[in-house]
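Put chain B on the given structure of chain A with help from the hints.
Residue numbers (this note's numbering), protein chains in the order written: chain A, -7 to 156; chain B, 747 to 1133.
If you are wondering where the hints come from, they were derived from the structure by calculation, not from laboratory data.
There's no promise every hint is true.
[To be verified] Below, computed lysine-lysine pairings styled on DSSO-like, alpha-carbon distance capped at 30 Å:
| id | chain 1 | residue 1 | chain 2 | residue 2 |
| --- | --- | --- | --- | --- |
| 1 | B | K1120 | A | K137 |
| 2 | B | K941 | B | K960 |
| 3 | B | K1120 | B | K1091 |
| 4 | B | K804 | A | K137 |
| 5 | B | K971 | B | K1006 |
| 6 | B | K912 | B | K971 |
| 7 | B | K884 | B | K897 |
| 8 | A | K137 | A | K51 |
| 9 | A | K51 | B | K776 |
| 10 | A | K51 | B | K1120 |
| 11 | B | K1091 | B | K1127 |
| 12 | A | K42 | A | K137 |
| 13 | B | K912 | B | K1006 |
| 14 | A | K42 | A | K117 |
| 15 | A | K42 | B | K1120 |
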Amino acid sequence: MTEPTRRSILAILAENNRLTPEDIATMLGLSTEEVVNFIHDMEEQRIILKYNTLINWEKAGEEMVEALIDVRVQPQREVGFDTVAERIYRFPEVQNVYLMSGGYDLSVLIQGKSMKDVAFFVAEKLATIDYVQSTATHFVLKKYKQDAVIFEDQEEDRRLVVSP
Amino acid sequence: MNTASFISPVIQALPPSGIRKFFDLVAESKDIISLGVGEPDFVTPWHIREASMYSLEKGYTMYTSNYGLLELREEISKYLARTFGVTYDMRTELLVTVGASEGVDIAMRALLCPGDEVLIPDPSYVSYMPCVVMAGGKAVMVPTRVEDEFKLNPEILESMITPRSKILMLSFPNNPTGATMTAEELKPIAEIAEKHNLVVVSDEIYAELSYGEKPVSFAALPGMKERTVLLSGFSKAFAMTGWRVGYIAANPDFLAAMVKIHQFTILCAPVTGQMAALEALRNGETEMRRMVSTYDQRRRFIVSGFREMGLDCFEPRGAFYAFPSIKSTGLNSEEFCERLLQDAKLAVVPGTAFGPSGEGHIRCSYAYSIDQLKEALKRMKQFLATL
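For reference, chain A alone in the conformation it holds in the complex (with noise of 0.2 Å):
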């Protein structure tokens, strides 16, 4: 299998995982049983991560806050950040982790059923990890786009339904 075809199955996936590896085979001109493997592959090396689904929460009437938090840190001799970064995000309500360039070092997202929540885990378990210098906590007023999809206001199809 060439490199870009390895790569169009990823991007077909990540678009929609609903397809089926008869459907990818069909769209590429491959074996079922290439994709299969393929996928299997990719699974067991941890690239396919997790088949998801983009959900709007709030407008399926979820109660829900999200917060972004800029989390300063002393870095550790010889482990830098990761042993820090690991200590912030097995906690499950935090949901990315990113090390950042620039002001401050970790970018963490928080969910909660409220901003009291959040704020109480920011203050109780993020603020109070060894290491942890200081917090900035940004909560999360609207969502308008996300993993590259813009929640309202969908381009429809605006073609005649025949045309030359």
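Same frame as chain A, now just chain B:
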């Protein structure tokens, strides 16, 4: 006042578009899904839309040169050179038009004398024949056949040449068949053009949408540039149908003649569209290639779907149409499409809307998402089972 009697006999005699008739039928139906659309499902990439808005903010609202913006012609010249290996002078050999459609019209009007014959592959795009007729020419339909994968067969072509033959219209990749012709396959056509001293008007609007083959321009064949009028534009490759921007590349004499018509009828292509086209050529090729590879995936998907349900479907290698045969059903193209629409709520276009040689086939566009294609194939399969 008998208003109808004032209409020119030439226009009165023009048959209405077969597509139009079918469109009206579809427009009356409810809950249909359509594979009838001849344009990309992608909206114009945002950077192109954004660039056109910026041009409006900066006040680009005036006429441009009759030829079109010089910067745009410069980019077109570079684009044709890097994509097809054919070079055109931006000052004397390029004209920006209102879509490739305007190109068909003014090429015919600039070149045809009354009674001159134009050889047109059949089936092909709906406007060639009317443009020829409106320019006073005679359209000679050259059948293409499924056994040739709807490529132009040199022997059939040559058998239809007469002393009045003046223009050969080429339209590959082809709408509606999806047929393409490689440089090798075009060689005998070039020999015929040379032997009979034909001008070749080559509509290459779908050239970028060639799958598994490098896009070819007829003008790039040895010795052919001088006798070729190359028509193209931004509609299909850059998903810019509604902007109406195309171009003509031709030798200075032909171009000057076409500019005469263009300057008196159109003046210039809309400047906002030209600005968008400029952005498309400068920064749009990555996104264009992404769209092309998506069409390619859908192409395999739909062709395989038709074959699995027992419809003969030759492999289309260009544009975004599959052209399966429905002869096995015993229905003709129009009956098939009407019943498919009524019974299965699926709209496709009868092959005959594009010329008599389209009989026995239907044009199915795959400018739709895989999920939509799946649903369409499901309906088609159910419909076939009821026949």
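Comparing the hints with the structure gives:
1. K1120(B) x K137(A): holds, 28 Å
2. K941(B) x K960(B): holds, 27 Å
3. K1120(B) x K1091(B): OK: K1120(B) and K1091(B) at ~14 Å, within 30 Å.
4. K804(B) x K137(A): OK: K804(B) and K137(A) at ~29 Å, within 30 Å.
5. K971(B) x K1006(B): Roughly 21 Å separates the two Cα atoms, so the pair holds.
6. K912(B) x K971(B): holds, 16 Å
7. K884(B) x K897(B): holds, 22 Å
8. K137(A) x K51(A): Judged against 30 Å, a Cα distance of about 14 Å means the pair holds.
9. K51(A) x K776(B): Distance of about 29 Å is within 30 Å: holds.
10. K51(A) x K1120(B): Roughly 28 Å separates the two Cα atoms, so the pair holds.
11. K1091(B) x K1127(B): holds, 12 Å
12. K42(A) x K137(A): With a Cα-Cα distance of about 21 Å, the restraint between K42(A) and K137(A) holds, given a limit of 30 Å.
13. K912(B) x K1006(B): Distance ~21 Å between K912(B) and K1006(B) Cα, so the pair holds.
14. K42(A) x K117(A): This hinted pair holds, its Cα atoms lying about 27 Å apart.
15. K42(A) x K1120(B): At roughly 25 Å apart (the allowed maximum being 30 Å), K1120(B) and K42(A) satisfy the hint.
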